[in-house]
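Number of protein chains: 2
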Amino acid sequence: MSVKIALLGFGTVASGVPFLLKENAEKIYQAAQEEIEIAKVLVRDDAEKESLLAAGHDYHFVTNVDDILSDESISIVVELMGRIEPAKTFITRALEAKKHVVTANKDLLAVHGQELTAIAKKHQVALYYEAAVAGGIPILRTLVNSLASDKVTRLLGVVNGTSNFMMTKMVEEGWSYEDALAEAQRLGFAESDPTNDVDGIDAAYKMVLLSQFAFGMAVNFEDVAHKGIRSITPEDVAMAQELGYVVKLVGSIEETASGLAAEVTPTFLPKAHPLASVNGVMNAVFVESIGIGESMYYGPGAGQKPTATSVVADIIRIARRMTEGTIGKAFNEFSRPVVLSKPEDVKHHYYFSILAPDKTGQVLRLAEIFNAENISFKQILQDGTNGELARVVVITHAVSKTQLEKVVAELEAAEEFQLVNTFKVLGE
Amino acid sequence: MSVKIALLGFGTVASGVPFLLKENAEKIYQAAQEEIEIAKVLVRDDAEKESLLAAGHDYHFVTNVDDILSDESISIVVELMGRIEPAKTFITRALEAKKHVVTANKDLLAVHGQELTAIAKKHQVALYYEAAVAGGIPILRTLVNSLASDKVTRLLGVVNGTSNFMMTKMVEEGWSYEDALAEAQRLGFAESDPTNDVDGIDAAYKMVLLSQFAFGMAVNFEDVAHKGIRSITPEDVAMAQELGYVVKLVGSIEETASGLAAEVTPTFLPKAHPLASVNGVMNAVFVESIGIGESMYYGPGAGQKPTATSVVADIIRIARRMTEGTIGKAFNEFSRPVVLSKPEDVKHHYYFSILAPDKTGQVLRLAEIFNAENISFKQILQDGTNGELARVVVITHAVSKTQLEKVVAELEAAEEFQLVNTFKVLGE
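Those protein sequence lines, which keep their order, are chains Z and R. Residue 294 is where the first sequence starts when you use the working numbering, and the numbers rise one by one after that. Residue 294 is where the second sequence starts when you use the working numbering, and the numbers rise one by one after that.
Extracted from the complex, chain Z is given alone in its bound form (with noise of 0.2 Å):
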């Protein structure tokens, strides 16, 4: 007897799963010690269904998804379509009907994950998503697994690609943010509205979905904070390289003696970092724990057969706790109450790049704001004038989000300065 699964929508992802369970045949059997067999796919409509037929797709397409739901001997229904709705009511509906749901929808999972767990959990059914994050990257499934045993205290991340491949452009050839948007957009890797993607949206969904299982804690959308790379400029990126740092869009969660912090950042990350060499397209995730110490997990995370490939393990998963008669399993079990750190327990070294009146004295006047905020001087560089401002950068040591705030504040209200940008530096 084989597993019938269904798959909603047959896009681009969707169309790498057959792919693979052709490929891999008798190792997928091996594993999940059942045949899969693809027994049904939604499509959009009738146009769709007759293009996809005459391209060659030899698949029982159906338009209407009660095909799918009403049919008892589908087990497993796998999402691929993408947004918010009608995902989320074709994923309800599916765990509603007692059928397992596989999804790479981080969007939804970040957003409305808890609600769908607890369906899932209700009817006994399994909702995995191991695709939602960092596509090929097996990260979620480590976590849950290898990472049981372990207590994680800091995560760092790399995980957006399209953003990642512009950083890279910048720092390694000194392109503007325009020229590597421009260039992601015209390669594929930025959609025409690139928000999602260089603002840290899309990274902080996956911050949001890492808490949970690297912390066991759900936390918000909101509770992550997000900045993205718009405002980085190639002077930014040159004085990050002189002193001896990368500059990447970096997600982080971190506990501290308080709680949770998490937050997306353009971040320095020095050199000989194992994150700073994580370069185009590519994704990381980087965690630093109390047993292992500091491991990394690397890979695409986006990529038809790379999500594909994530996609079919959760498949893989269910089918053997079928047979096992273990299904049900939460993907996550890791579960603590939420508690967010408070902002004085948050602290990092920061970069400010100022524009100073090229006069004597600036320095000093500079020196004085931080100091009044407590703020000690890790590296301060003047660097070219204009004749009439001068560049300073500074690097601070550790400075809580308290801090932070303030003397910003004051950096704003201080006529002779204009605050330019404000980087995290990961210390070493």
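In case anyone wonders, no lab produced these hints; they're calculated from the structure. None of the values given here were measured: they were computed from a predicted structure. Among the clues, some could well be false.
It does not matter which identical chain is meant; a pair holds if it fits inside one copy or across any two.
Here are the simulated EDC-like pairs of lysine to aspartate or glutamate, each with C-alpha atoms no more than 16 Å apart in a straight line [claimed, not checked]: (1) Lys415 x Glu389; (2) Lys444 x Glu316; (3) Lys564 x Glu465; (4) Lys699 x Glu535; (5) Lys333 x Asp351; (6) Lys444 x Glu319; (7) Lys297 x Glu327; (8) Lys699 x Glu661; (9) Lys635 x Asp651; (10) Lys342 x Asp360; (11) Lys462 x Glu330; (12) Lys564 x Glu316; (13) Lys640 x Glu666; (14) Lys635 x Glu548; (15) Lys622 x Glu666.
Assemble the complex: chain Z is given as a structure, and chain R must be docked to it using the hints.
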């Protein structure tokens, strides 16, 4: 009710186990759904027992393994003694007594793994050993679970921390092999007889295990060619740098048209390759596959807490499967008949370092020798001279093992040339 375990040995790694069980108790309970209790600990003799008790270790220490094997309340035996005997006998007897076994004993598994796996299967108990390859990196379970849907085409590993520490000193600071070894010994990374580490034997053991998990083939240790780092000179390292490479001891397993080829050998890695920045005692496994494409798993290859983290993850998995009633599944189920590659199908670029008389016509003569074996040059460099001999460095295009053997024989036979070193070069 709790799951009772026994530790065989209470050395460095073993004492990391109670640390994690205590420190992460709540999370471990959520994952295992049982308390895990160390019921007994086997030590060498009464003297060790007394000294551990005196040091405040409050366990039920025993000096006779029968006290553990005959104790029906103990379900899991954790072997952390190392070496072949008496570990092999103890594990065998534990499996026969229907106890599940967790071990980090790579040497034992690489040589007797098939036999022990068969015994575990016969008695329907688990034999897990995540810690046996690359200590803290959860590579084996990841291959089993997350890459179940994928087909690995090549695996490259920097899996010996000692030699990688030495190579890092040699590459980044220009140290000689001898100085690097002395420093590794001083820091306790290398033993007084460093053979296993520097000659690639330890890495070859790991390739034996990785062949099973990544390719489903139980190759023998004898089938993994190994060549160590002893012969690498500062000149080789400098030349590699100049040509854009970093030299590391790399284990590789690849599937060619005719079968599997596994070896451990110093390898020139392009500087941008993710493995090239794996430094010091850190390990990494780089996987090329048809689904994910390229992924890498990075972390500490040894050490008390990293290794204990993998060991405890195995214990949790067994405890959970005991609760679920699904225990007995082999750690790795992926299995295909072993078919080794023909040497003519194993093709790589190679680096040759050759001393030649410092007179005209030598490069032509070399070209003739390579040309006779149908090997073309990708790069050729003439480097310095001591007045009589010049060093000629060649990087070839793809060369099969058969061609390599022939050209090496030719060069060794040619009176005017002295073949100093031949290393594999990872193509881009």
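Going through the hints against the structure:
no. : hint            : in the structure
1   : Lys415 x Glu389 : within (9 Å within a copy, 41 Å between copies)
2   : Lys444 x Glu316 : between (38 Å within a copy, 8 Å between copies)
3   : Lys564 x Glu465 : both (12 Å within a copy, 14 Å between copies)
4   : Lys699 x Glu535 : neither (28 Å within a copy, 49 Å between copies)
5   : Lys333 x Asp351 : within (10 Å within a copy, 60 Å between copies)
6   : Lys444 x Glu319 : between (37 Å within a copy, 11 Å between copies)
7   : Lys297 x Glu327 : within (10 Å within a copy, 34 Å between copies)
8   : Lys699 x Glu661 : within (13 Å within a copy, 73 Å between copies)
9   : Lys635 x Asp651 : neither (38 Å within a copy, 71 Å between copies)
10  : Lys342 x Asp360 : within (14 Å within a copy, 68 Å between copies)
11  : Lys462 x Glu330 : neither (43 Å within a copy, 53 Å between copies)
12  : Lys564 x Glu316 : neither (40 Å within a copy, 33 Å between copies)
13  : Lys640 x Glu666 : within (14 Å within a copy, 62 Å between copies)
14  : Lys635 x Glu548 : within (11 Å within a copy, 53 Å between copies)
15  : Lys622 x Glu666 : neither (50 Å within a copy, 60 Å between copies)
Comparing the model with each numbered hint stated earlier shows that hints 4, 9, 11, 12, 15 do not hold.
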